[in-house]
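There are 2 protein chains.
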Amino acid sequence: MQTLTVELGDRAYPIHIGQNLLARADLILPHLKRKQVAIVSNTTVAPLYLEKLAEPLREAGVEVIPIELPDGEQYKNAETLNIIYDALLTQRCERSTTLIALGGGVVGDMCGFAAATFLRGVPFIQIPTTLLAQVDSSVGGKTGINHPLGKNMIGAFYQPQLVLADTETLNTLPERELSAGIAEVIKYGLIRDHAFFDWLETNMTKLMVCDPDALAYAIQRSCENKAEVVAADEKESGERALLNLGHTFGHAIENGMGYGAWLHGEAVAAGTMLAARMSQRMGWLKAAEVARITRIFKAAGLPVDAPALGVEKYLDLMSLDKKVADGKIRLVLLHGIGKAIITGEYPPEKLTETLAAIA
Amino acid sequence: MQTLTVELGDRAYPIHIGQNLLARADLILPHLKRKQVAIVSNTTVAPLYLEKLAEPLREAGVEVIPIELPDGEQYKNAETLNIIYDALLTQRCERSTTLIALGGGVVGDMCGFAAATFLRGVPFIQIPTTLLAQVDSSVGGKTGINHPLGKNMIGAFYQPQLVLADTETLNTLPERELSAGIAEVIKYGLIRDHAFFDWLETNMTKLMVCDPDALAYAIQRSCENKAEVVAADEKESGERALLNLGHTFGHAIENGMGYGAWLHGEAVAAGTMLAARMSQRMGWLKAAEVARITRIFKAAGLPVDAPALGVEKYLDLMSLDKKVADGKIRLVLLHGIGKAIITGEYPPEKLTETLAAIA
Numbered sequence: 001m002q003t004l005t006v007e008l009g010d011r012a013y014p015i016h017i018g019q020n021l022l023a024r025a026d027l028i029l030p031h032l033k034r035k036q037v038a039i040v041s042n043t044t045v046a047p048l049y050l051e052k053l054a055e056p057l058r059e060a061g062v063e064v065i066p067i068e069l070p071d072g073e074q075y076k077n078a079e080t081l082n083i084i085y086d087a088l089l090t091q092r093c094e095r096s097t098t099l100i101a102l103g104g105g106v107v108g109d110m111c112g113f114a115a116a117t118f119l120r121g122v123p124f125i126q127i128p129t130t131l132l133a134q135v136d137s138s139v140g141g142k143t144g145i146n147h148p149l150g151k152n153m154i155g156a157f158y159q160p161q162l163v164l165a166d167t168e169t170l171n172t173l174p175e176r177e178l179s180a181g182i183a184e185v186i187k188y189g190l191i192r193d194h195a196f197f198d199w200l201e202t203n204m205t206k207l208m209v210c211d212p213d214a215l216a217y218a219i220q221r222s223c224e225n226k227a228e229v230v231a232a233d234e235k236e237s238g239e240r241a242l243l244n245l246g247h248t249f250g251h252a253i254e255n256g257m258g259y260g261a262w263l264h265g266e267a268v269a270a271g272t273m274l275a276a277r278m279s280q281r282m283g284w285l286k287a288a289e290v291a292r293i294t295r296i297f298k299a300a301g302l303p304v305d306a307p308a309l310g311v312e313k314y315l316d317l318m319s320l321d322k323k324v325a326d327g328k329i330r331l332v333l334l335h336g337i338g339k340a341i342i343t344g345e346y347p348p349e350k351l352t353e354t355l356a357a358i359a
Numbered sequence: 001m002q003t004l005t006v007e008l009g010d011r012a013y014p015i016h017i018g019q020n021l022l023a024r025a026d027l028i029l030p031h032l033k034r035k036q037v038a039i040v041s042n043t044t045v046a047p048l049y050l051e052k053l054a055e056p057l058r059e060a061g062v063e064v065i066p067i068e069l070p071d072g073e074q075y076k077n078a079e080t081l082n083i084i085y086d087a088l089l090t091q092r093c094e095r096s097t098t099l100i101a102l103g104g105g106v107v108g109d110m111c112g113f114a115a116a117t118f119l120r121g122v123p124f125i126q127i128p129t130t131l132l133a134q135v136d137s138s139v140g141g142k143t144g145i146n147h148p149l150g151k152n153m154i155g156a157f158y159q160p161q162l163v164l165a166d167t168e169t170l171n172t173l174p175e176r177e178l179s180a181g182i183a184e185v186i187k188y189g190l191i192r193d194h195a196f197f198d199w200l201e202t203n204m205t206k207l208m209v210c211d212p213d214a215l216a217y218a219i220q221r222s223c224e225n226k227a228e229v230v231a232a233d234e235k236e237s238g239e240r241a242l243l244n245l246g247h248t249f250g251h252a253i254e255n256g257m258g259y260g261a262w263l264h265g266e267a268v269a270a271g272t273m274l275a276a277r278m279s280q281r282m283g284w285l286k287a288a289e290v291a292r293i294t295r296i297f298k299a300a301g302l303p304v305d306a307p308a309l310g311v312e313k314y315l316d317l318m319s320l321d322k323k324v325a326d327g328k329i330r331l332v333l334l335h336g337i338g339k340a341i342i343t344g345e346y347p348p349e350k351l352t353e354t355l356a357a358i359a
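In order, the protein sequences belong to chains A and B. Sequence positions in the first sequence follow my numbering and run 1 to 359. Sequence positions in the second sequence follow my numbering and run 1 to 359.
Note that these hints are calculated values from the structure, not bench results. Incorrect hints may appear among the rest.
Identical copies look the same in the list; a pair holds intra-copy or inter-copy alike.
Stated by the list, open to error - Mimicking DSS-like on lysine-lysine, the simulated pairs with C-alpha atoms at most 27 Å apart in a straight line are:
id: 1; residue 1: LYS33; residue 2: LYS298
id: 2; residue 1: LYS35; residue 2: LYS339
id: 3; residue 1: LYS35; residue 2: LYS298
id: 4; residue 1: LYS33; residue 2: LYS339
id: 5; residue 1: LYS151; residue 2: LYS33
id: 6; residue 1: LYS298; residue 2: LYS328
id: 7; residue 1: LYS286; residue 2: LYS35
id: 8; residue 1: LYS33; residue 2: LYS286
id: 9; residue 1: LYS328; residue 2: LYS35
id: 10; residue 1: LYS35; residue 2: LYS151
id: 11; residue 1: LYS151; residue 2: LYS206
id: 12; residue 1: LYS206; residue 2: LYS35
It should be emphasised that the depicted structure is a prediction, and the values quoted were computed from it without experimental measurement.
Take these sequences, add in the hints, and give me the full structure.
Dropping the structure here:
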């Protein structure tokens, strides 16, 4: 088991990474204010892992309240959130009750937002069961739900007490979702860690067959990179925005295609390719570098071509993004592999040319 | 104009108190990140005060987006909150857009919660137009909505950039609501400020006729008292709970009678009387002190007798309260005027006797 700490002053918390951590009640117990937890999961994950987590807790005298949500991004909304609130209130949960998110990003985001807002905030533990959630939601404290007018429009920054990333849960992950997680892993290499990018090029095959050591290392380096960025900039005013490489384009793809058609990681991969091609148009990235990026995404089974939604629709959807400032679409672009920058200062035609070239 | 500062480190903010502050765009402008504000108000307050606030802002080049909610505690729910989200998203508001709450506690709580959760947090200015909101919601950062299973069950701690308490807005306040606000003012005297309680006994008549100087002093002392408590204990783990004198009983009254039947301040007054009578049963408060408390509430036009809901129903409703810890109902009680304590350690029969004596 590896452990790293996300440094956030009095809200610092540990991330444990390794095999079979789900059953380790001893890792959870020291973080409980009282022996009552509500485990928020979904109809796919609960049958696989709920009892593995719940039984050792019950044996240690903890009351376990299971809350099962429908599975899917389309349920990441106010109605599903209310399922959690209703269960917590009906079961008379209190401020000292700990919420545990057991599942992927959707479960984590919703459970985290419920924790942030139930009784104005209760303790929260993350047990992400997808690679994407392990390398992305584990660090940063972003929680929230979608709104019919945009993804993640309602939410809060809220930090967990503890994260357990159990690599065993990835064995039951559909291949397409494993790839989607790797998209975010590659992102850390691209934005700030050239050595990690090199390591990923060498070890992609191992990751694709779920080699536990390779996975643990990839998760660890991803979380370390994200933790360094987030510790310096918790509320996303500066450097943290670099983590959104490919996301402004990616959110437009997800929204434009209808949520659920593309996985988030797939949209980020195709979105990162758009950012790379625009960076090339700006003269910041060489053709050979764009080729390397294309190759690694392909090796990870990810799409490298964004859907042809049309320039106008892209611009419209991108302007909905939270990174808009004073009406300008700020973009994360690359100054080479391992070096990202954020800017709203670019010739607008570079963006429209990049989008027009999609077809 | 008087100004006090709520000390919360890098989230410290000023409260300005005085006449005709609504029209003082100069007080607001330095706090705006960009020249766009959404003013959240309701159908009662907007016709009276919206333009008085909006016009000078528009003249200063600020885009003003008015959002009007239905008026009443029964609308403090997820559906009404969504009116705010919808308007913000439809009008393409951004992270740098400031939300301004113009209204009483319901508007402030909902607008504050919208600010806390829209795009994971946007800047927020409070302009409370009721006495209750001026002396209560101005300080403390509590925001939220009700849930069918309990009041204020969903919410967040979120601090404003600025509070403007304009005493002129109290001239249009119904008498019953003025009294309800004074209940909270009296509370500060009772829990920690004997001198202020004495002042209130002397000046109650002035307050009841809206004498501006008396009002400004009462608001200032209330906010100062609350600010001192909150600065020491932002998240309500210790001393801050003392501010809930009368509230555990009061929430049970509000909930048991059906939200809206009793005003919050009325329920707090009757609830404080229950706390006083129980304190007397504990031997902590003298009969003469209970008589003084009864007299001042009566002078403020407030109810001193709680409704007879029955002991069981009271206990049941009180156990829903957020101050329950490990199943025990913690109560704020009085060790004399000006000295409150919080405790879960009391003979249960003292509570049931107090409740049984209501009839």
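Each hint tested on the structure:
1. LYS33 x LYS298: neither (46 Å within a copy, 42 Å between copies)
2. LYS35 x LYS339: neither (46 Å within a copy, 33 Å between copies)
3. LYS35 x LYS298: This pair counts as neither: shortest intra-copy Cα distance 47 Å, inter-copy 45 Å.
4. LYS33 x LYS339: For LYS33 and LYS339, the Cα distance exceeds 27 Å both inside one copy (42 Å) and across copies (29 Å).
5. LYS151 x LYS33: Answer is between; shortest inter-copy Cα gap is 24 Å, intra-copy 33 Å.
6. LYS298 x LYS328: This pair counts as neither: shortest intra-copy Cα distance 32 Å, inter-copy 58 Å.
7. LYS286 x LYS35: neither (56 Å within a copy, 40 Å between copies)
8. LYS33 x LYS286: neither (54 Å within a copy, 38 Å between copies)
9. LYS328 x LYS35: Classified as between: cross-chain Cα gap 15 Å, same-chain 49 Å, threshold 27 Å.
10. LYS35 x LYS151: between (35 Å within a copy, 25 Å between copies)
11. LYS151 x LYS206: neither (33 Å within a copy, 53 Å between copies)
12. LYS206 x LYS35: Classified as neither; 40 Å inside a copy, 52 Å across copies.
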